[in-house]
Amino acid sequence: MRIVCPFCGERELGEFTYLGDAKPVRPVAGAPEDEVFDYVYLRDNIAGVMEENWYHGGGCRAWLKVTRNTLTHEISLVEPAAGAGARHVVK
Amino acid sequence: MKYSIFSLARAALSGHKNWQRTWRDATPKDRYDVVIIGGGGHGLATAWFLASEFGIKNVAVLEKGWIGSGNAGRNTTIIRSNYGLPGNTGFYELSMKLWERMEQDLNYNAMVSQRGVINLYHSDAQRDAYARRGNTMRINGIDAELLDLAAVKKMMPFLNFDNARFPVQGGLLQRRGGTARHDAVVWGYAHAASELGVDIIQNCEVTGFVRDANGKVTGVETSRGRIGAGKVGMAVAGSSSRVAAMAGLRLPIESHVLQAFVSEAIKPLIPNVMTFGAGHFYVSQSDKGGLVFGGDIDGYNSYAQRGNMPVMEDVCEGGMALIPMIGRVRLLRQWGGIMDMSMDGSPIIDKAPVDGLYLNAGWCYGGFKATPGSGFVFAHLLARDESHKEAARFRLDRFRTGAMIDEKGQGAQPNLH
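Just so you know, the sequences run in chain order A and B.
Take the first sequence: its position 3, counting from 1, is numbered 3 in our numbering, and each next residue is one higher.
Take the second sequence: its position 215, counting from 1, is numbered 215 in our numbering, and each next residue is one higher.
Quick caveat, the hints were computed from the structure, so don't treat them as lab data.
Everything numeric in this text was worked out from a predicted model, so none of it was measured.
Hints are not guaranteed to be accurate.
As the list claims (entries may be wrong) - Label pairs and their calculated CB-CB ranges: (1) B/131 x A/37: 32 to 40 angstroms; (2) A/67 x B/245: 16 to 24 angstroms; (3) B/385 x A/76: 44 to 52 angstroms; (4) B/320 x A/33: 26 to 34 angstroms; (5) A/17 x B/22: 45 to 53 angstroms; (6) A/29 x B/397: 18 to 26 angstroms; (7) B/160 x A/29: 22 to 30 angstroms; (8) A/17 x B/135: 47 to 55 angstroms; (9) A/57 x B/160: 48 to 56 angstroms.
Claimed, not checked - No farther apart than 30 angstroms at their CA atoms in a straight line, the calculated lysine-lysine pairs in the BS3-like style are these: (10) B/57 x B/29; (11) B/408 x A/23; (12) B/351 x A/23.
Said to hold, decoys possible - A few chain B positions that, by computed beta-carbon distances, are all more than 10 angstroms from chain A: (13) 145; (14) 161; (15) 253.
Cβ coordinates follow ideal geometry from the N, Cα and C atoms, glycine included.
This is chain A alone, in the form it adopts within the complex:
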């Protein structure tokens, strides 16, 4: 697996760290226990195309949103995560 970082270009997997599914959103402070439980422990654990957060620690140190197929490891899209310098990327 190689990831094409929008800032650094194509790099080998060892430069990146995985956080996981990009879909869950941290509940607001004071949210009901069920919401927090769901966010912390439960997973969709998608078999197929999934949007994920990856961190390019061995390069630009930006957070990336990677669209990847968990059945084949095929990566179809890599974007800067929200707030991670997205405005610096020339489309």
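Use these hints to put chain B onto chain A, whose structure you have.
Below, chain B without anything else, positioned relative to chain A:
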């Protein structure tokens, strides 16, 4: 058929042409008392215990591929019961005791080899933690020995004891631990279960659950038609989330890939199963001579049954740090299996929140050693509708109540803790 020295001699004298199939490949009936989804070690062991211990013989095991084609055929074959936390200690010892009598119970040679499992320690703090775990084991009637440097040097003189960063200081040894032939475990349970009338149905993929008006599970839809069931048990580690989703459940599980490796065959070298305490590397030697080793999961969600280079490099670095002389041994094969990574690193054996459905899931990368114990306690749960006392803590709701069993202090991802 019954295997013995006489059956072997008879077969040998007739040119090995008259062996019967070791188990019966069944076609599905309309209904069973219990349907087990998943024809791996855990599913087949469950079926055998249901039939032999709990008197429930109208049982089917459904397997989407061929039996043992998942993680039962992809592990590094280690058996041990060196756990320190309540919930784990008793359960894995129950499993260890069942390993010790498995071959007699099943009338099948599973090549159970109690060659010892040693965890090496590399610092004073790690020694203290191992001493504590060893003491916990001994209090619970499990064998454990804390070895000092001299004892480890005598046992394995070829280790790199003077590694500048991680010198070996000693190890925690469980002599009753060891290895077993993984495929033979699958075939042995299939053989013994089949003899007792269990139907083993291959190429039969579950595509949905049949529910009655109250939502109770009353059967499964499969690629070979609808099969009715009094109870349905899931033992599909790696795919637990996908199967549970058909019943509308979301589980505290992520599927990750774990790689394993075998080197070319060399003369006898590794006398036991050993783990490097300063990294994640464990190794044993197969009877064919290959070094069988592994390390960490790759660290990203995957259902692909194959891994990537960074972890291969990391595992080999761990091996080189511990045993520098294996540097010129060539890697022969490498493969990946899909691990049910639960959020605290411990399994789930419990009734599902859906009536009629029972879960056996979340084995992370430690399912093989649990095979007989898992089968026994899951059969107990299915037969009696209550948890066996050694599995009572493997509850699904422990993530909600906070009663986690975090033996390693990590679940699917180290950065979650």
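Results for each hint:
{"no.": "1", "hint": "B/131 x A/37: 32 to 40 angstroms", "in the structure": "holds, 36 angstroms"}
{"no.": "2", "hint": "A/67 x B/245: 16 to 24 angstroms", "in the structure": "holds, 21 angstroms"}
{"no.": "3", "hint": "B/385 x A/76: 44 to 52 angstroms", "in the structure": "holds, 46 angstroms"}
{"no.": "4", "hint": "B/320 x A/33: 26 to 34 angstroms", "in the structure": "violated, 48 angstroms"}
{"no.": "5", "hint": "A/17 x B/22: 45 to 53 angstroms", "in the structure": "holds, 46 angstroms"}
{"no.": "6", "hint": "A/29 x B/397: 18 to 26 angstroms", "in the structure": "holds, 25 angstroms"}
{"no.": "7", "hint": "B/160 x A/29: 22 to 30 angstroms", "in the structure": "violated, 50 angstroms"}
{"no.": "8", "hint": "A/17 x B/135: 47 to 55 angstroms", "in the structure": "violated, 36 angstroms"}
{"no.": "9", "hint": "A/57 x B/160: 48 to 56 angstroms", "in the structure": "violated, 29 angstroms"}
{"no.": "10", "hint": "B/57 x B/29", "in the structure": "holds, 13 angstroms"}
{"no.": "11", "hint": "B/408 x A/23", "in the structure": "holds, 27 angstroms"}
{"no.": "12", "hint": "B/351 x A/23", "in the structure": "holds, 28 angstroms"}
{"no.": "13", "hint": "145", "in the structure": "holds, 38 angstroms"}
{"no.": "14", "hint": "161", "in the structure": "holds, 29 angstroms"}
{"no.": "15", "hint": "253", "in the structure": "violated, 6 angstroms"}
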